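*Asks:* Sequence:
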Amino acid sequence: MTIRSLDELMPTVNFASRATATAASKWGRRIIPDNQLFYVVSGYAELSVGEKTYGIRSGECVHFGPECPHELYATERTDYYSIHFHWRHESTAPVHPGLSIRYAGQDEPCGQPAVPSPSIPPYGSVAFPSHFTVSGLEPVLTKIVKEYELEQPGYGTALRGLMTQAVTYIFRQLLDLRSASSTSLNKIEPAIAAMQLEPGRNWTVAELATMCGYHPIHFSKLFKEEFGLLPKQYIIGERIKQAKRALLHGEKIDSLAERLGFTSIHYFSHQFKKFTGLTPTEFRMQGKDA
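Mind the numbering: the sequence shown is residues 23 to 312 in the numbering used here, read in order.
Misleading hints may appear alongside valid ones.
[As the list claims (entries may be wrong)] Below, simulated DSS-like cross-link-like pairs (lysine-lysine); rule was C-alpha separation at most 27 angstroms, straight line:
id, residue 1, residue 2
1, Lys168, Lys263
2, Lys295, Lys274
3, Lys263, Lys295
4, Lys274, Lys254
5, Lys168, Lys295
6, Lys74, Lys48
7, Lys48, Lys168
8, Lys296, Lys274
9, Lys243, Lys254
Read the hints as simulated data drawn from the structure, not as lab findings. Small disclaimer: the values here were computed from a predicted structure and weren't measured.
Construct the complete structure from the given sequences, taking the supplied hints into account.
*Replies:* In structure tokens, the structure reads:
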């Protein structure tokens, strides 16, 4: 079933997991009976669907449905969330997709994946793309996985509520991106590149603004318009991305916090949990157990 407007959303979660794939893990070429969100926590994977291949980095997500064959491939050790769901379904009871997944032959036509584009007044139709970047989604994904695994009374209804929250959150960020001016992004690209290259450096707004030729106040305004964040919040997000990879590779928490420019282990742990919903220790243990 498709949805014509966001108000018609009645999602049913069929499967939810957080796992770690080894390098060269491969899923497909296959066709699933429902829809899937595949969110990379750390590592790198690729999705081939239709005639396109999307690279999925940390903090990025792909979405695809039952319309055509696809293939997922983890090029390196990759920690990820996988959520199978229906956009709209009367029942909240999860139906595991495993028995209905079929593998497609190489000669089977690729086709083009359908892109849900519900109406969101007063913005009109908003496309839910095959590949996108989203921040702050991990806490709700963690709740979805825990709810699915525990199967407590009413968990199907709880999953519907959490999935509605996740999808709504994604659509809001898509709207923010659509309204942001691409010109603004071009103006602050030097600062973005610098923060991504050296997230552990104690950057000042004045330094970043100078790179782009702006007064710090005007630079902060452009930055907030583009990302909905202040430069300080953005760089903390970049630090957390690097921290997730380092934790899964065994780096000690105290040395990691110092290397990434956090003033204390306590502050690092607080920010890490704020972004991911887990403490650094919990995150590392989940990666080992997956």
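*Asks:* With reference to the structure, classify each hint as holding or not holding.
*Replies:* Okay, the hints, checked on the actual structure:
1. For the proposed pair Lys168 and Lys263, the alpha carbon gap of about 22 angstroms is at most 27 angstroms, so the pair holds.
2. Of the pairs offered as hints, the one joining Lys295 and Lys274 holds, with about 17 angstroms between alpha carbons and a cut-off of 27 angstroms not exceeded.
3. A C-alpha spacing of about 12 angstroms is found between Lys263 and Lys295, which places the hinted pair at or below 27 angstroms, so the restraint holds.
4. Our distance criterion of 27 angstroms between C-alpha atoms is met by Lys274 and Lys254, whose separation comes to about 24 angstroms.
5. Simply put, Lys168 and Lys295 have alpha-carbon atoms about 16 angstroms apart, close enough for the 27 angstroms limit, and the pair holds.
6. Between Lys74 and Lys48, the direct Cα distance comes to roughly 17 angstroms. Compliance with the 27 angstroms bound is thereby established for this hinted pair.
7. Using a Cα cut-off of 27 angstroms, the hinted pair Lys48 and Lys168 holds, with the two alpha carbons roughly 25 angstroms apart.
8. With a C-alpha separation of about 20 angstroms, the suggested pair Lys296 and Lys274 falls inside the 27 angstroms cut-off, and the hint holds.
9. Of the supplied pair hints, the one linking Lys243 and Lys254 holds, its CA atoms being roughly 13 angstroms apart against a limit of 27 angstroms.
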